[in-house]
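Work out the full structure: start from the sequences and follow the hints.
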Amino acid sequence: MDNFFLGLSCQEENNFWDLIVADISGDRSVSVPIRSAFRSYMKDTELRMMSPKISSSKVNVKKRMVNLLRKNWEEKKNTVAPEKERSRRHMLKERTRREKQKQSYLALHSLLPFATKNDKNSIVEKAVDEIAKLQRLKKELVRRIKVIEEKSAKDGHDEMSETKVRVNLKEPLSGLDSMLEALHYLKSMGTKLKTVHANFSPQEFSATMTIETQVHI
Numbered sequence: 439m440d441n442f443f444l445g446l447s448c449q450e451e452n453n454f455w456d457l458i459v460a461d462i463s464g465d466r467s468v469s470v471p472i473r474s475a476f477r478s479y480m481k482d483t484e485l486r487m488m489s490p491k492i493s494s495s496k497v498n499v500k501k502r503m504v505n506l507l508r509k510n511w512e513e514k515k516n517t518v519a520p521e522k523e524r525s526r527r528h529m530l531k532e533r534t535r536r537e538k539q540k541q542s543y544l545a546l547h548s549l550l551p552f553a554t555k556n557d558k559n560s561i562v563e564k565a566v567d568e569i570a571k572l573q574r575l576k577k578e579l580v581r582r583i584k585v586i587e588e589k590s591a592k593d594g595h596d597e598m599s600e601t602k603v604r605v606n607l608k609e610p611l612s613g614l615d616s617m618l619e620a621l622h623y624l625k626s627m628g629t630k631l632k633t634v635h636a637n638f639s640p641q642e643f644s645a646t647m648t649i650e651t652q653v654h655i
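Here the sequence shown is numbered in the working numbering, starting from 439 and rising by one per residue.
For the record, the hints were derived by calculation from the structure and aren't laboratory data. The structure presented is a predicted model; accordingly, all values stated were derived computationally and were not measured. There could be a bad hint or two in this list.
What the hints assert, rightly or not - Cβ pair distances, simulated, as ranges:
id, residue 1, residue 2, range
1, 520, 577, 54 to 62 Å
2, 621, 556, 52 to 60 Å
3, 585, 532, 50 to 58 Å
Every residue, glycine too, gets a C-beta built ideally from N, C-alpha and C.
Listed below in structure tokens is the structure:
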């Protein structure tokens, strides 16, 4: 064992002297690496000079993160706002449409017979019935006027003739409107109205009109 350590000591001594000789002779091919378990020493002043840079970089990172989050929030806010505005406008339009529809039904209900219910289905059904009655009344008036015209055409000379026209309508939509429509139609046929006797009620409209027509005899 002693011989082993002695051999190592001699070998290290020889290596040492070889390095010295090489340095003196100018031979730089052999170098001894520096090995240490410790880090290089840095002064406190150098650390203080570097610390502001480190803290400044941290602050910049935080600012960028805050700006990014704020930008994302503004984008989301701007996206949600138009959706809310569209929903609000749609709600207002729907409310206005329903209000107009309600007013239209009420106006139509006021023209129908007194006993008509005020729900939508009843109003529509009753209005359809009243329109059908008015159409039948119009056809009857046209038929009677046509008969008068045919009778006048068969006669050989012209003379004034009086004719009574009676009109009856159950549960009229509007007695006044029915009367005005009948008078307007008679006038368009060239007849002259002499007398009118009319009765108006929610249940019935009746009228007796005496008209004067020119008959060709």
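Going through the hints against the structure:
| no. | hint | result |
| --- | --- | --- |
| 1 | 520 to 577: 54 to 62 Å | 58 Å, holds |
| 2 | 621 to 556: 52 to 60 Å | 32 Å, violated |
| 3 | 585 to 532: 50 to 58 Å | 54 Å, holds |
The structure shown violates just one earlier hint, number 2.
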